[in-house]
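Enquirer: Sequence:
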Amino acid sequence: MKKFILILVILASSLFARHNDFYDYAKVRYSEPIYEYVYEDRPQTQCKDVTHKVRVGKEREYSNDSLGIDTLVGVAAGAVLGSQVGKGNGRVAAQIVGGLLGGKVAHEIRESPSYERGNRYKYVTQKECYETYTTVKRKVLTGYKNYFKYKGKEYSKVTREPKKRIRITHTINF
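Residues -19 to -1, 1 to 155 (mature numbering (1 follows the signal peptide of the UniProt record, and there is no 0)) make up the sequence shown, in order.
I should point out that these hints are in silico values taken from the structure, not numbers from a laboratory.
Mixed in with the good hints, there may be bad ones.
Pairwise CB distance ranges (calculated) [as the list claims (entries may be wrong)]: (1) Asn1 to Lys134: 20 to 28 Å; (2) Ile153 to Thr116: 48 to 56 Å; (3) Ile153 to Tyr114: 16 to 24 Å; (4) Lys118 to Asp5: 25 to 33 Å; (5) Lys126 to Thr32: 56 to 64 Å; (6) Thr106 to Tyr16: 44 to 52 Å; (7) Arg146 to Glu112: 49 to 57 Å; (8) Tyr114 to Ile90: 44 to 52 Å; (9) Val105 to Tyr16: 45 to 53 Å; (10) Ala57 to Tyr102: 45 to 53 Å; (11) Glu142 to Asp22: 25 to 33 Å.
In silico PhoX-like cross-links for lysine-lysine, where the CA-CA straight-line distance does not exceed 20 Å [as the list claims (entries may be wrong)]: (12) Lys108 to Lys126; (13) Lys130 to Lys8; (14) Lys126 to Lys138; (15) Lys103 to Lys34; (16) Lys145 to Lys8; (17) Lys145 to Lys130; (18) Lys132 to Lys145; (19) Lys144 to Lys132; (20) Lys34 to Lys108; (21) Lys103 to Lys8; (22) Lys130 to Lys144; (23) Lys144 to Lys8; (24) Lys126 to Lys8; (25) Lys8 to Lys134; (26) Lys120 to Lys134; (27) Lys134 to Lys145; (28) Lys29 to Lys126; (29) Lys132 to Lys8; (30) Lys126 to Lys144.
Using N, Cα and C, we set each Cβ at its ideal position, and we do this for glycine too.
Taking the hints into account, I'd like the entire structure generated from these sequences.
Expert: Here it is as structure tokens:
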């Protein structure tokens, strides 16, 4: 029972006890703004005119792997030219090589993009836009450094706004 009363007295005295802190105020002599630099990426849209070659008219009606009449004419022309070279077995070899080369040349001409059979082209200018980012350095106010004197010594305290006076807390320890 004595322990219970002792605990009750300690708790009651701590509830009604005064804090050991007291406050004093010091006048701020001057406040200095504090700035930081912030880097931001800002989007910018840039556009430019681009010209494209566009086919107008009919498309090709054959596949890239097909053999056309022009290829066969190339083979025949190559064989005729090859027969003009050499004698005997050399002439036969020249005809074969000439035919192969003539067919290859004719096929390559037909497949080249510059070979336009009934196709017409026009140039179309379009505006193409894309987004780029520019890094911008910006100065941002982050607070104020308040300078004051207290008991002959100079101090400073950082706050969000400039202050006219600063509260100083004293704590007494027993």
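Enquirer: Can you give the numbers of the hints that this structure goes against, from lowest to highest?
Expert: 3, 4, 10, 12, 21, 26 and 28
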